[in-house]
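Trainee: The chain contents come next:
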Amino acid sequence: MTLRSQIRVSMKVNGEACELDVPASTTLADSLRAQLSLTGTKVGCDVGECGACTVLADGVPTLGCLVLTVEMDGHEITTIEGVADSRLSGLQRAFVEEAGLQCGFCTPGMILAASRLAADAGDREIRDALAGNICRCTGYTKIVAAIRRGLRDTSHAKRR
Amino acid sequence: MQALARPRACVYAGGTDLLVALTARQPWTAGISELVDIKHLDAAKGIAALRDSLRIGALVTADELASSAIVRREASALAEAAAVTSAPALSRRGTVGGNIVTPHPAGDVVTALLALDATAEVLEDGATSERPLADFMTSRSRKPSRGRLIVAVTIRNCRLSAFEKFGPRAAFSRSIVSACVTVLDGTVRVALGGLSSRPFLAAKTAAAAAEGHPLKAALMEECRPPFDGRAPVSYRLALADALVGKALLRARRS
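Those sequence lines, one after another, are chains A and B. Quick note, in the working numbering, the first sequence goes up one by one and the last residue is 160. Quick note, in the working numbering, the second sequence goes up one by one and the last residue is 254.
These aren't lab readings, by the way, just hints derived from the structure by calculation. Do not rely on the hints blindly, as some may be mistaken.
Where chain B lies over chain A, by a calculated footprint (3+ residues, C-beta under 8 Å) [as the list claims (entries may be wrong)]: (1) 23 to 30; (2) 52 to 59; (3) 79 to 87.
From chain A, some residues computed to sit far from chain B (all C-beta separations above 12 Å) [stated by the list, open to error]: (4) ARG33; (5) THR39; (6) LEU63; (7) GLN92; (8) VAL96; (9) GLU97; (10) GLN102; (11) CYS103; (12) ALA113; (13) ALA119; (14) ASP120; (15) ASN133; (16) LYS142; (17) ALA145; (18) ARG152.
Examples of chain B residues toward chain A, derived with CB under 8 Å [stated by the list, open to error]: (19) PRO7; (20) THR16; (21) TRP28; (22) HIS40; (23) LEU41; (24) ALA87; (25) LEU90; (26) ARG92; (27) ARG93; (28) LEU184.
The beta-carbon is built from N, C-alpha and C at its ideal position, and this holds for glycine as well.
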């Protein structure tokens with residue numbers, strides 16, 4: 001594909017089918033923000049180092065700034081907007097209750113990066129899952145605590 | 001492959017380096033107007049066990065290497081290097097082939113591949129040839145693909161191997177220095193990252209290590225400054241000395 005060619009992409013975003021026409025060189029993060037107005041996906045560094053643009057592609061945490069939108073044709077994307085329904089998700093609520101954020105810029109990426117962890121994940125596994133997500137405010141202790149609690153609450157809620 | 005022969009075409013796989021370069025408009029990308037996505041190329045997928053070696057497809061990701069049972073058993077240093085080379089989301093995208101053609105001075109996966117005597121299977125003009133990996137380790141400069149593609153690498157099985165790296169933080173940081181030590185047919189091999197513009201095989205350091213001699217003189221002779229600004233020469237040499245020693249100890253014990 002030439003970088004300038006305009007390509008039609010069909011994907012499912014937060015459960016809804018959508019069609020986009022994008023230049024082949026457009027990144028997924030840019031399409032989500034500029035064309036679909038899903039600005040919960042943050043672009044921090046735009047070079048794959050900060051993790052703020054993390055979304056789920058077919059359920060797998062993926063950096064939106066290092067994937068071309070055209071590669072996502074036929075795939076399913078979940079952004080932070082798709083995590084909550086009418087209420088906050090367990091992980092989101094735990095970030096609020098444990099004060100796991102200050103400016104909040106890294107939080108969507110943190111929540112999506114942690115979303116595949118098992119309910120009983122230990123601190124080591126949580127920190128490994130977040131190795132590519134940088135927070136410049138909090139020092140991570142409260143983020144890890146929030147995720148530990150969020151994972152536990154989510155699994156309790158499911159069991160009920 | 002026809003698409004790859006076009007002068008302004010570039011191979012696209014994991015994109016973890018290429019997309020960054022294109023976004024930043026790095027000078028070497030100026031000639032690229034077309035990306036050829038090779039992620040559907042079956043010949044470049046998967047890890048196959050041969051008699052005394054492993055054939056690793058160029059599209060295999062760092063995450064796949066780190067979690068492969070056969071790599072962990074037959075070439076544990078490569079699994080160790082892949083496990084610490086980058087953050088999870090990047091590890092699931094970055095490929096073996098991309099690691100080879102991307103000129104990072106201390107690429108962890110490449111450092112391990114060199115110590116495991118890797119050769120590259122290269123497809124060019126419709127014919128496949130085996131080339132030493134070192135052929136791709138020569139220069140900082142890179143160019144669009146020009147019709148040439150690394151399809152796979154073959155490494156020698158080596159149960160006596162270990163990888164060590166040092167970077168600013170435990171998780172996801174580029175190595176300042178990395179070292180991989182293997183013992184193949186009784187011969188100690190040492191590959192070093194972070195002491196030149198590309199990882200390289202350090203034959204004199206390996207010889208000194210095998211004899212139990214101090215490594216400093218060999219390291220000084222084999223390192224090739226200038227480096228990037230992240231650490232001075234003396235610091236890197238001290239790191240390399242310690243990391244090679246530690247890796248050798250672990251390789252011999254494994």
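Trainee: With reference to the structure, classify each hint as holding or not holding.
Mentor: We went through each hint and held it up to the structure:
| no. | hint | verdict |
| --- | --- | --- |
| 1 | 23 to 30 | holds (count 3) |
| 2 | 52 to 59 | violated (count 1) |
| 3 | 79 to 87 | violated (count 0) |
| 4 | ARG33 | holds (15 Å) |
| 5 | THR39 | holds (19 Å) |
| 6 | LEU63 | violated (5 Å) |
| 7 | GLN92 | holds (20 Å) |
| 8 | VAL96 | holds (25 Å) |
| 9 | GLU97 | holds (26 Å) |
| 10 | GLN102 | holds (20 Å) |
| 11 | CYS103 | holds (21 Å) |
| 12 | ALA113 | violated (7 Å) |
| 13 | ALA119 | holds (19 Å) |
| 14 | ASP120 | holds (19 Å) |
| 15 | ASN133 | violated (8 Å) |
| 16 | LYS142 | holds (18 Å) |
| 17 | ALA145 | holds (18 Å) |
| 18 | ARG152 | holds (21 Å) |
| 19 | PRO7 | violated (13 Å) |
| 20 | THR16 | holds (6 Å) |
| 21 | TRP28 | violated (15 Å) |
| 22 | HIS40 | violated (11 Å) |
| 23 | LEU41 | violated (15 Å) |
| 24 | ALA87 | holds (2 Å) |
| 25 | LEU90 | holds (6 Å) |
| 26 | ARG92 | holds (7 Å) |
| 27 | ARG93 | holds (6 Å) |
| 28 | LEU184 | violated (31 Å) |
The earlier numbered hints that this structure contradicts are 2, 3, 6, 12, 15, 19, 21, 22, 23 and 28.
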